[in-house]
Structures are given as structure tokens and as C-alpha cells.
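Throw the hints in and build the complete structure from the sequences for me.
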Amino acid sequence: MRDGVVLPVPGAKQRTVLTCLLLEANRTVPVDMLVDRVWDGRPPEGARNTLQNHVLRLRRTLGGQSVPLRSCPQGYVLETAGETLGLARFDDLVRQARACLGA
Numbered sequence: 001m002r003d004g005v006v007l008p009v010p011g012a013k014q015r016t017v018l019t020c021l022l023l024e025a026n027r028t029v030p031v032d033m034l035v036d037r038v039w040d041g042r043p044p045e046g047a048r049n050t051l052q053n054h055v056l057r058l059r060r061t062l063g064g065q066s067v068p069l070r071s072c073p074q075g076y077v078l079e080t081a082g083e084t085l086g087l088a089r090f091d092d093l094v095r096q097a098r099a100c101l102g103a
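Using full-length UniProt numbering, read the sequence shown as starting at 1 and increasing by one per residue.
It is worth saying that the hints were derived from the structure and are not from the lab. Errors might be hidden in some of the hints.
Think about it this way: if two alpha-carbon atoms lie no more than 20 Å apart in a straight line, the pair counts; the simulated EDC-like pairs of lysine to aspartate or glutamate are [unchecked claim]: (1) Lys13 x Asp32; (2) Lys13 x Asp36; (3) Lys13 x Asp40; (4) Lys13 x Glu24; (5) Lys13 x Glu45.
What follows is the structure in C-alpha cells.
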């Protein structure tokens, strides 16, 4: 979503990459993990290069250079503000609930 508008992400593989990055927001997702998830454990020859292309297209779809999707030596990181994702809020509430149960 950008400026309140839902952005369509074309292609199942790009959506899989985005899903993996969102589930691990603000953490490095290793290239090997992405390759395994995108190709269900059966990557084709050249999968790493193809993954780079999927990430490039995903960046373009999401807004180019302004997208906080970084490459690092081990993989990729999608940086988000804590409250940007409902998942982050959910995780925070689960931690709070567990802390209450343990008190």
C-alpha cells in the first residue's frame, strides 16, 4: 500500500518474496531461505539470479528507491516502522499477554 492505495504485486513468485520479507520485517531474510520458499524446495539452476530479478521488480512495483528494501551480504531486509504492520502489533500484544501470564 502506498498513499492509501493498494499496489498490485504481479506474479506469484514476487508475492512469495514479499510475504517472506513482511513476515520477517526488519530482519535479514537469507537468500537460501527465499530461494527455498519461492521454488518450494526445488530451485531451478540460476535461482539466485532469478531471485535478484524478482526483488528488483518488487522494488519497482513498491516505489523504486524509496522502498526500504535493502540488500545485504546474507540476504534482504524489508524495513518497516513498528506499527506499519498489523503483524508487528499482534506480536507485541502476544508478548504482553505472555508476560502477564508469567507474572
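Quick rundown of the hints versus the structure:
{"no.": "1", "hint": "Lys13 x Asp32", "in the structure": "holds, 15 Å"}
{"no.": "2", "hint": "Lys13 x Asp36", "in the structure": "holds, 11 Å"}
{"no.": "3", "hint": "Lys13 x Asp40", "in the structure": "holds, 11 Å"}
{"no.": "4", "hint": "Lys13 x Glu24", "in the structure": "holds, 17 Å"}
{"no.": "5", "hint": "Lys13 x Glu45", "in the structure": "holds, 16 Å"}
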